[in-house]
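Asker: Using the sequences plus the hints, can you model the full thing?
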Amino acid sequence: MSENTVQYSKRSRERAIKDFLRQFLGHGGAQLGIVCLIFFFVLAAVPNILVGPLQTAINATGDFLAPPSSQHLLGTDEVGRDVLNLVVHGARISLTIALLATVISLIVGTTVGMTSGYFGGWVDVWLMRITDFFFVMPSFVLALVITPVVLEVMGRGGDILGFRPSLFVIIVVIGMTSWAFVARIVRSQTLSLKERTFVDRARVVGSSDFSIMVQHILPNLVPQIAANGALVVSGAIYIETSLSFLGLGDPLQPSWGTLLSLAQRAGAASAGAWWYLGAPGLCALTVALSFVLIGNALDDTFNPRRRVIP
Amino acid sequence: MAANGGRTTRHIGHALLRAAVTLSMVVILNFILFRVIPGDPAKLLLGGARVSVTAEQLEAQRKSWGLERPLVPDQLVDYVSATLHGDLGYSFKFRGRRVAGLLLERLPATIALVGIAQLIAIVVGVTLGMYAGWRRGGVVDHITTGASLALYSTPSFWVGMLLVVIFSTALGWLPGYGGYSPGALKGSLDLLLDYLRHLVLPVSAVALGLIGQYVVVSRAAMSDVVAEDYMVTARAKGLTDLQMLMRHAFRNAMLPVMTLVTLNLGYVVAGAITVESVFAWPGIGNLTVEALNARDYPVLQGIFLLLGVSIVVANLVADLTYGLLDPRVRQ
Chain A
1 MSENTVQYSK RSRERAIKDF LRQFLGHGGA QLGIVCLIFF FVLAAVPNIL VGPLQTAINA
61 TGDFLAPPSS QHLLGTDEVG RDVLNLVVHG ARISLTIALL ATVISLIVGT TVGMTSGYFG
121 GWVDVWLMRI TDFFFVMPSF VLALVITPVV LEVMGRGGDI LGFRPSLFVI IVVIGMTSWA
181 FVARIVRSQT LSLKERTFVD RARVVGSSDF SIMVQHILPN LVPQIAANGA LVVSGAIYIE
241 TSLSFLGLGD PLQPSWGTLL SLAQRAGAAS AGAWWYLGAP GLCALTVALS FVLIGNALDD
301 TFNPRRRVIP
Chain B
311 MAANGGRTTR HIGHALLRAA VTLSMVVILN FILFRVIPGD PAKLLLGGAR VSVTAEQLEA
371 QRKSWGLERP LVPDQLVDYV SATLHGDLGY SFKFRGRRVA GLLLERLPAT IALVGIAQLI
431 AIVVGVTLGM YAGWRRGGVV DHITTGASLA LYSTPSFWVG MLLVVIFSTA LGWLPGYGGY
491 SPGALKGSLD LLLDYLRHLV LPVSAVALGL IGQYVVVSRA AMSDVVAEDY MVTARAKGLT
551 DLQMLMRHAF RNAMLPVMTL VTLNLGYVVA GAITVESVFA WPGIGNLTVE ALNARDYPVL
611 QGIFLLLGVS IVVANLVADL TYGLLDPRVR Q
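Just so you know, the sequences run in chain order A and B.
The first sequence begins at 1 in my numbering and counts up one residue at a time.
The second sequence begins at 311 in my numbering and counts up one residue at a time.
Fair warning: there could be bad hints in the mix.
Unchecked claim - Facing chain A, from chain B, some residues (calculated, C-beta under 10 Å):
#	residue
1	Val331
2	Gly399
3	Thr479
4	Gly581
5	Leu602
6	Gln611
To be clear, the hints were calculated from the coordinates, so they are not data collected in a lab.
Heads up, the beta-carbon is just placed ideally off N, CA and C, and yes, glycines get one too.
Answerer: What follows is the structure, given as structure tokens:
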């Protein structure tokens with residue numbers, strides 16, 4: 001490869017990135033989503049600076065179920081903890097769970113889809129049969145039965161990699177059950193990519209299957225993976241919130257779903273404590289919606305012809 | 311028909327095979343999960359760790375359940391055959407109750423909830439979505455699309471909690487808890503009215519989530535149809551807007567919507583679990599929460615099987631009807 005071609009491709013890549021950003025940021029939805037996400041990522045990054053350490057029943061500062069006031073902007077919960085404090089700390093937990101689960105799901109989905117599409121034959125048949133199962137069975141339903149059993153096996157005490165066991169299990173279970181549609185999309189892309197000339201060229205030069213997949217096919221899959229990754233995050237937030245609401249979360253590291261579960265158990269709805277159940281739900285909704293908007297904008301930018309949502 | 315008869319048969323065959331594979335995986339997953347739970351399975355089968363049993367009872371239990379035989383294939387075969395016969399074991403929490411009986415007892419309440427919610431959601435969601443797609447870019451389009459996107463990403467149970475705060479606690483219009491009022495109620499009409507009053511809020515919570523989905527999908531389907539060549543032809547023939555809508559657009563746009571609706575028949579039961587838990591609605595969802603809290607594994611496995619069956623059957627029906635409705639799939 002001469003120096004000239006490298007320079008040319010570098011410049012054209014820069015231009016492509018600029019084009020992409022201009023088009024992507026032109027979407028009103030994408031702008032809204034990014035602004036909201038930046039806000040929540042800041043909350044998640046430095047919760048201690050913003051609202052102090054996570055309050056517990058012991059260091060709670062307020063009255064029981066007190067409505068919003070100048071002291072407690074979002075009111076208090078049933079043991080007098082500041083809801084704003086809980087929600088900001090919840091951002092860190094909810095976002096961490098959702099993002100880590102998505103990383104697992106993208107890794108599994110991409111590996112399965114690429115292997116399936118690249119090798120074809122019986123590998124494809126069997127991998128797709130497994131994928132079909134996970135595609136048909138919703139992640140939420142699978143997680144509902146797998147999570148309590150795995151928790152029983154591992155025990156609920158101690159912590160794993162800094163997470164309480166139930167959170168760790170939820171991350172892994174959501175990640176391992178929500179990769180199927182990524183795998184399908186990656187497989188169909190791989191099927192068309194592997195017929196391209198640059199793959200033939202690499203094979204003639206003597207590249208191994210593994211290096212062809214990693215160096216030549218994977219980079220071309222990035223757009224699809226990114227657009228669908230955003231949707232996976234949104235799904236993960238939904239599933240985590242639902243599972244935690246059903247009591248599978250951990251009260252010592254409360255996510256937004258766990259807060260909703262606590263609010264439900266404290267009878268916040270029938271006590272009219274709208275601030276207690278409203279705040280965590282609104283946060284979960286905003287973050288999930290932001291990821292959907294960003295995912296749609298990405299999808300639209302990469303293939304403008306197939307628009308589902310404006 | 312004769313020419314593609316073989317293809318249609320093959321399409322049905324593939325669909326049935328896929329359904330069978332998925333269902334067997336559900337059953338096998340159930341089998342594995344129940345066996346990795348720590349503790350003596352004989353003891354678990356007698357009612358879990360909280361029940362005290364003698365060594366003789368345990369031995370007898372082990373014998374009668376064949377627990378001393380190898381896991382694969384003996385125990386797996388036993389398990390599958392018992393499941394096929396509708397024997398899902400006994401609940402831990404509801405001592406001595408058969409899981410299958412418990413599920414059947416709770417099923418009608420869930421079917422009432424999700425059935426009514428589905429009906430409302432189909433009528434409201436499809437109408438709004440189709441109209442938004444037909445008049446794309448209009449005021450109605452912007453409002454409904456925005457609202458349904460928000461509904462689509464909102465957990466239904468949270469909507470339910472808000473409904474309780476507003477309509478039950480603040481306004482006191484509707485009950486937000488349980489399936490019937492405590493106290494004496496005479497006459498079947500009063501009972502029915504009371505039941506319906508209790509249904510309003512949970513049904514609204516489930517329906518709102520579904521409406522979000524249906525609007526998004528039917529709007530997309532309708533905007534695709536509007537852009538088709540045959541719509542230009544229809545316009546050129548001199549058809550009025552209403553004729554175009556009824557004769558061409560609506561029927562073609564209904565195809566993807568029908569598929570989603572059929573698929574949702576399976577998924578909506580799972581989606582209602584959290585909503586039922588908010589309202590203590592006496593259905594499958596509330597049973598799930600009770601089973602989760604009591605670590606009642608047999609009931610949990612029974613629910614998983616039930617959800618699996620309903621999802622697989624709905625998928626199968628969607629697969630087959632799509633083939634019937636869309637000749638392109640058959641060919």
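Asker: All hints, please: hold or fail.
Answerer: Now the hints, each set against the structure:
1. Val331: 6 Å, holds
2. Gly399: Status violated, d = 14 Å.
3. Thr479: 4 Å, holds
4. Gly581: 8 Å, holds
5. Leu602: Since chain A brings a Cβ to about 6 Å from Leu602/B, closer than 10 Å, the hint holds.
6. Gln611: 7 Å, holds
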